[in-house]
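*Asks:* Take the sequence shown: its letter number 385 is residue 390 in the numbering used here, and every next letter is one higher.
Keep in mind that the hints are not guaranteed to be accurate.
Below 27 Å or equal to it, Euclidean Cα-Cα: the simulated DSSO-like pairs (lysine-lysine) are [unchecked claim]:
no., residue 1, residue 2
1, Lys-346, Lys-436
2, Lys-437, Lys-346
3, Lys-236, Lys-267
4, Lys-346, Lys-326
5, Lys-54, Lys-83
6, Lys-113, Lys-95
7, Lys-533, Lys-95
8, Lys-326, Lys-267
9, Lys-279, Lys-342
10, Lys-326, Lys-113
11, Lys-190, Lys-236
12, Lys-279, Lys-236
13, Lys-437, Lys-342
14, Lys-113, Lys-180
15, Lys-267, Lys-180
16, Lys-83, Lys-95
17, Lys-279, Lys-190
18, Lys-54, Lys-25
19, Lys-436, Lys-342
20, Lys-279, Lys-267
21, Lys-83, Lys-58
Derived from the structure by calculation, the hints contain no laboratory data.
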Amino acid sequence: MDPYRPFREAASAYAAGMLKQLYGVEEEPRLETGGDIADFTYPCFRLAKTLRKSPLEIASALAGGAGSVSGTIAVSSKGGYLNMSADPVKLASSAVATANRMGDSYGKSVEGGGRMLVEHTSINPTGPMHIGRTRNAILGDTLTRSLRQAGMDISSEYYVNDVGRQVVVLYWGLKRYMAGDEGGKPDHELVRHYIRANQEIEKDEGAASEIRDIQQRLERGDAALIAETRKAAEMVLAGIRESLESINVFHDRFVFESELIKDGSVRRVVERLKALPSAAQEGGAWYLPLDGDREEDRFYFTRSDGTSLYTTRDVAYHMDKLSRAGRLVDVLGEDQKLGMKYLVRTLEMLGESHRIDFLFHSFVSLEEGKMSTRQGVGVLLDDVVREAKERALREVLSRRPELPGEEAEAIAAAVGIGAVRYNIVRLQAEKKIIFRWEEALNFEGSSAPFVQYSHARACSILSRAGEWNCPEPTYEEENELRLARQIALFPSVLRDVAGSMAVHRVATYAQQVAAEFNQFYRVVPVLKAPESRIGSRLALVSASKIAIGNALRCMGIAAPESM
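All chains, please: the whole structure from these sequences, using the hints.
*Replies:* This is the structure in structure tokens:
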């Protein structure tokens, strides 16, 4: 349940009633979130032309009926907007009671909507993850967690390219150079064979010819060869999954590209595309002219040797996904925009209702340039995680040297991994990131450790309080009301993320509610409050713990009870 819901309904009813009473306009007002100005606003600019009045005049007139509002909302107007705000005392009581009643499920306010599927990470299993690829995984995992917290029926998938050229190169390199079980983490050990194979293929036309032959055999559905290339991919994928799990990234399902070849899905897509009236050939390669007949406007769906391209197989995968979910979200690097344009247009030409949203993100780069698995350039995720834990452990022990080793290491792991994830989530997806150690592992300012410490402080207060009871919390002081309002916003934030996929807003919210909690704690006594106020304030602390903890878990960050 959303604590704001009854107030939103009252605001909508008020605006609708005044529109009909004053202007005879019957409509369901589309309210916007007003931020610091008001809880809800109704912009009157659209009505100005129809009513032949200025937006300022309309808004002022709509606010004139405020006397008819029964204490639920306050109404005013400014700059062409009708502003409506929930009664802060009633909102505070509702928010605290709702959060404490719902606990770990607080934030759920979306009902229905059908099944949703998020695909993220999906990197080629040819070597270890570098921090550049990690951005996709963290954004996708945070989006999945946030929408699940909002109440949506959602699952996440990793699409494993186990028959594409890069995996074929890995397979060829392993057969050529690998002497046996080399031990160690497989993604780290086997990538050197992939790099070496790439170097040889670039110089040796015979080796390049072998790669093309393998691709053709895979396309024809050679079951034994498919099993071998999949095994090579799975060896590296095991190391990638271990790295992902170290930062709390998990997938509900792994879909292998080879399955789409084996079950005939790719072949059927190619045949359907060939049958389209606009399909054409050049040099044996089939293509669709999407925006004219310039070379750059063509979507090639087979090579000259008849084998399919990655995007062709991606069309087959998306048709499979559409058969299993009502809405799809693909988390992708910004360099995939053209490919996805081709994919959507192709699905439309095949008569498929695509229902796909894309969360595109900019890249993470080094100060000296781009990262590349093929060239062996980049900051590896495993190294970042190890460094994060080591730095966090030094920080923990400097503050609490008396902690037992295992407890200190557990806190350090939570803090270090939280710092890595938060540093990526906090930025808008479209903003570029230049990787710098001091920023990636920031434990000060706008950071996960600040939010985690606020959660731990709330846990400490509640632990020291022992048993307490507060059947009907009431609030009047400004710091109480400000904190309660932040708590009330959590379901709205998650709904906003569901609509916009702007996952950085979860990080912004976590910082804001943690900051309000710390300000409340500094100014307002809790355990030393008057007897009549202790229960209400402990309920507010408990609701704060729940809101902060749930926001942290949406970001895949641990919510420690002690730091």
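*Asks:* Which numbered hints turn out to be false for this structure?
*Replies:* Violated hints (numbers, rising): 12, 14 and 17; every other hint is consistent with the structure.
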